[in-house]
Amino acid sequence: MKRLLVFILIVILVLASPLISSAGQQEKPYAGRELVVFCGPDGPPECRRIEPYVRKFEEETGIKVQWVELTFPDLHQKFSTMAAAKSSAVDVIGTWVNFTAEFASAGWLEDITDKIDEGLRKDLSSAINSVTYKGRIYGLPESGDIRLLFYNKRMFKEAGLDLNDPPDTWDEFIEAARLLTKDTDGDGKIDQWGFRSMGCAAGIPAMCDYQLFCYMCGLDSLFDKNDRPLFNSSQGLKALKLYIQLYDEELVDPAMYTVWQYLEEFQRWGAGIAGMAFGWASLYDYATTHEASKVKDDTLVAPMPAINRSASITGSQGFAISKFSKNKDIALELLKCICSAENTKDMLLRTGFLPARKSVYDDSEVKGSKLAMMLAAAAIQEKNYSNRFAAPYGSEIANEVLGLAVIKAIKHEMTPEEALEWAEAKAIEVIAKYK
Amino acid sequence: MGSKIIRNKKMSEQTFGMLLLSPTLIFLLAFVAFPICYSIYLSFQNVILSRPYSDEFVGLQNYINILRNPVFLNSLWKTLYFSVSFLFSVLVIGIIVALVLNHNFWGKSFVVTCLLIPWAIPRVVNGLIWKWIYDGNFGIFNAVLLKIGIIDSYKFWFGESPLVGILLISIAYTWKLMPFVALLFLAALQTMPRSLHEAAKVDGANVWQRFIYVTIPYLRYTLIIVLILQTTLAIKVFDIIAVLTRGGPGDRTMLTYYYVYRLAFDYLNISLASAGGYIIAIFIMILSILYYKLFKGGKD
Numbered sequence: 005m006k007r008l009l010v011f012i013l014i015v016i017l018v019l020a021s022p023l024i025s026s027a028g029q030q031e032k033p034y035a036g037r038e039l040v041v042f043c044g045p046d047g048p049p050e051c052r053r054i055e056p057y058v059r060k061f062e063e064e065t066g067i068k069v070q071w072v073e074l075t076f077p078d079l080h081q082k083f084s085t086m087a088a089a090k091s092s093a094v095d096v097i098g099t100w101v102n103f104t105a106e107f108a109s110a111g112w113l114e115d116i117t118d119k120i121d122e123g124l125r126k127d128l129s130s131a132i133n134s135v136t137y138k139g140r141i142y143g144l145p146e147s148g149d150i151r152l153l154f155y156n157k158r159m160f161k162e163a164g165l166d167l168n169d170p171p172d173t174w175d176e177f178i179e180a181a182r183l184l185t186k187d188t189d190g191d192g193k194i195d196q197w198g199f200r201s202m203g204c205a206a207g208i209p210a211m212c213d214y215q216l217f218c219y220m221c222g223l224d225s226l227f228d229k230n231d232r233p234l235f236n237s238s239q240g241l242k243a244l245k246l247y248i249q250l251y252d253e254e255l256v257d258p259a260m261y262t263v264w265q266y267l268e269e270f271q272r273w274g275a276g277i278a279g280m281a282f283g284w285a286s287l288y289d290y291a292t293t294h295e296a297s298k299v300k301d302d303t304l305v306a307p308m309p310a311i312n313r314s315a316s317i318t319g320s321q322g323f324a325i326s327k328f329s330k331n332k333d334i335a336l337e338l339l340k341c342i343c344s345a346e347n348t349k350d351m352l353l354r355t356g357f358l359p360a361r362k363s364v365y366d367d368s369e370v371k372g373s374k375l376a377m378m379l380a381a382a383a384i385q386e387k388n389y390s391n392r393f394a395a396p397y398g399s400e401i402a403n404e405v406l407g408l409a410v411i412k413a414i415k416h417e418m419t420p421e422e423a424l425e426w427a428e429a430k431a432i433e434v435i436a437k438y439k
Numbered sequence: 015m016g017s018k019i020i021r022n023k024k025m026s027e028q029t030f031g032m033l034l035l036s037p038t039l040i041f042l043l044a045f046v047a048f049p050i051c052y053s054i055y056l057s058f059q060n061v062i063l064s065r066p067y068s069d070e071f072v073g074l075q076n077y078i079n080i081l082r083n084p085v086f087l088n089s090l091w092k093t094l095y096f097s098v099s100f101l102f103s104v105l106v107i108g109i110i111v112a113l114v115l116n117h118n119f120w121g122k123s124f125v126v127t128c129l130l131i132p133w134a135i136p137r138v139v140n141g142l143i144w145k146w147i148y149d150g151n152f153g154i155f156n157a158v159l160l161k162i163g164i165i166d167s168y169k170f171w172f173g174e175s176p177l178v179g180i181l182l183i184s185i186a187y188t189w190k191l192m193p194f195v196a197l198l199f200l201a202a203l204q205t206m207p208r209s210l211h212e213a214a215k216v217d218g219a220n221v222w223q224r225f226i227y228v229t230i231p232y233l234r235y236t237l238i239i240v241l242i243l244q245t246t247l248a249i250k251v252f253d254i255i256a257v258l259t260r261g262g263p264g265d266r267t268m269l270t271y272y273y274v275y276r277l278a279f280d281y282l283n284i285s286l287a288s289a290g291g292y293i294i295a296i297f298i299m300i301l302s303i304l305y306y307k308l309f310k311g312g313k314d
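Those sequence lines, one after another, are chains G and D.
Each residue of the first sequence is one higher than the one before, starting from 5 at the first, in our numbering.
Each residue of the second sequence is one higher than the one before, starting from 15 at the first, in our numbering.
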């Protein structure tokens with residue numbers, strides 16, 4: 005009898021255990037649901053940018069997030085083919101301005117403009133541009149970035165340049181680049197260069213650099229709102245000629261012909277080869293803290309010098325929701341979590357990526373952090389910037405038209421005038437395909 | 015009555031045979047025939063994946079557009095240059111290695127094993143190895159050239175002229191594919207009767223003459239197979255470009271096959287990419303026929 009009672013008790017306990025465990029889970033609002041997220045590179049294992057917040061989100065909500073990390077080209081291909089087939093297999097994708105423009109114009113992203121409250125919208129920094137297309141919002145940013153002038157303290161001192169007065173005009177900048185380009189070991193060969201930027205290894209970075217120079221020369225946009233090219237103008241020509249001047253005078257780190265992935269860019273600055281760079285703000289944390297950086301104590305940062313004006317471009321990233329997702333409600337919750345003030349502040353302090361929220365800049369911990377110099381420069385630059393070029397045909401324009409024309413002009417395969425004429429004609433042809 | 019039974023039994027064997035073949039046939043229809051037919055259809059349409067409303071019949075316009083595309087045309091010349099340099103090096107080195115391995119020597123098995131290593135390495139890994147070898151900061155290629163005095167400082171080779179970049183890619187590809195070529199030639203050499211060489215020796219032919227007038231004609235059919243296979247591989251080169259240069263800087267190392275991939279997967283222009291792919295396919299078919307006609311020669 006006693007054994008029978010014990011047996012019955014065990015059976016009751018076994019049958020009741022799922023109920024007991026799920027009672028705890030029912031406190032989690034979305035327990036049992038799943039999200040699939042495709043994202044771009046999230047950083048090395050010892051310093052993941054976004055994933056820690058996703059795991060925290062899982063714990064708080066009970067939602068299981070399948071986090072699929074891909075290179076940006078792979079992400080583009082996977083999502084494009086899935087979206088063309090109207091697949092609901094992916095809910096959220098990592099995005100930047102070009103992807104947002106392309107995917108939103110194709111009708112593949114969920115418009116969430118009306119689902120974002122006014123308070124959040126007002127607090128979002130220029131990083132919102134990464135998920136905006138034609139005035140509509142398709143996601144939330146995870147971080148911001150902006151180009152700043154980086155300069156090397158040691159090299160400036162050796163060249164007799166004033167550390168407290170970095171170049172703020174083009175003439176000062178080019179003069180500094182000339183002084184910083186030299187043979188440091190006496191073997192007759194240049195081994196230190198005055199300048200590096202994104203470079204001309206591919207169309208996209210070449211066009212990014214050219215766009216930056218255009219803005220500095222006073223050209224507000226490469227295309228008008230009717231997609232007509234504006235770069236074949238006196239300002240566009242001046243920008244291209246000044247950019248080419250850096251190469252012609254051999255002031256440019258030769259690695260710029262082959263290196264353009266952002267991590268390789270960071271490593272090149274960290275190797276202490278160049279005296280100045282037009283780098284992304286996120287370079288600052290790498291340069292000043294990474295164990296591989298040789299310029300930890302030598303990296304200084306300031307707003308961009310002016311040609312006609314001091315201007316910069318933004319390079320933020322975000323996450324967008326697939327139009328075909330069956331989990332749009334919880335996808336939006338994930339985006340809000342990643343974009344929260346707490347998480348964006350934590351990401352800034354851990355990794356140096358600019359926050360997607362303006363309020364984070366006023367935080368006392370942030371103001372007093374090791375990133376204060378970079379943040380001060382970024383805050384000044386954010387008053388005078390333009391968005392990175394974004395259009396559904398952006399990739400083709402960069403790789404086959406304008407970016408390619410810039411590279412050919414640098415290599416003297418075309419004159420600057422010929423390059424811009426050719427690029428204008430080709431751009432009109434390419435854009436017509438997308439109308 | 016007996017013959018009727020036999021006829022029925024035969025038909026049933028045929029039917030049974032078809033049933034056994036049907037999974038393979040279905041697979042071939044679904045994954046070979048259908049994609050080929052559909053991609054031919056797409057090449058006459060205007061399909062851009064990010065433009066779902068763009069699908070319309072355009073006839074031969076895609077073929078015309080791609081043949082007028084300067085990046086595609088440039089890529090054809092670069093592919094030709096790459097193919098010639100790759101074929102020359104892989105054939106010459108492959109034959110030399112095969113001739114050496116056709117003799118017995120101490121350590122031959124070890125040498126053959128080492129020879130197979132490049133062939134066994136996955137293509138992407140091969141690309142990564144050569145990316146490090148050619149690296150402008152600390153690549154061994156620069157180190158060796160600097161040591162022997164050919165260069166006076168480390169260079170970013172892919173930023174030099176396009177021809178230099180393509181030549182370097184061709185070296186990396188040759189390293190990967192030469193073992194297979196050498197093994198094909200070795201297999202052919204090992205079936206060659208020694209009496210042919212002995213007869214030529216008796217007639218007074220020297221080593222070089224025996225090679226040209228005896229060995230090469232004997233290897234003719236192997237040469238045709240190798241040329242067709244390696245030409246196809248050269249024109250279709252993709253993985254090493256994707257890992258080493260992605261066609262850059264700019265379009266300096268943009269070869270045709272990689273460009274067609276870019277049209278399809280970066281620009282999502284499936285129709286134009288299909289047209290480009292079929293132009294390449296037609297070109298390979300023409301070359302294969304030419305090789306066969308040129309090298310099959312007269313009677314043995």
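Keep in mind that the hints were calculated from the coordinates and are not lab data.
All of these numbers come straight from a predicted model, not from anything done at the bench.
Each hint should be verified, as a subset may be incorrect.
Cut-off 30 angstroms, straight-line C-alpha distance, at most; resulting in silico cross-link-like pairs (DSSO-like, lysine-lysine) [claimed, not checked]:
{"hint": "1", "chain 1": "G", "residue 1": "K349", "chain 2": "G", "residue 2": "K242"}
{"hint": "2", "chain 1": "G", "residue 1": "K157", "chain 2": "D", "residue 2": "K169"}
{"hint": "3", "chain 1": "G", "residue 1": "K298", "chain 2": "D", "residue 2": "K169"}
{"hint": "4", "chain 1": "G", "residue 1": "K298", "chain 2": "D", "residue 2": "K250"}
{"hint": "5", "chain 1": "D", "residue 1": "K161", "chain 2": "G", "residue 2": "K186"}
{"hint": "6", "chain 1": "G", "residue 1": "K300", "chain 2": "D", "residue 2": "K145"}
Where chain G lies over chain D, by a calculated footprint (3+ residues, C-beta under 8 angstroms) [said to hold, decoys possible]:
{"hint": "7", "stretch": "59-66"}
{"hint": "8", "stretch": "166-174"}
Ideal placement from N, C-alpha and C gives every residue a C-beta, glycine not left out.
Tested hints:
1. G:K349 / G:K242: The given pair, whose Cα atoms are some 39 angstroms apart, is violated under the 30 angstroms limit.
2. G:K157 / D:K169: 27 angstroms, holds
3. G:K298 / D:K169: Roughly 22 angstroms between the alpha carbons, so the hint for K298 (chain G) and K169 (chain D) holds.
4. G:K298 / D:K250: 42 angstroms, violated
5. D:K161 / G:K186: 23 angstroms, holds
6. G:K300 / D:K145: 28 angstroms, holds
7. 59-66: It holds: at least three residues are needed, and the stretch 59-66 of chain D offers 5 whose Cβ sits within less than 8 angstroms of chain G.
8. 166-174: holds (count 6)
Taken one by one, the earlier hints fail for this structure at numbers 1 and 4, listed in ascending order.
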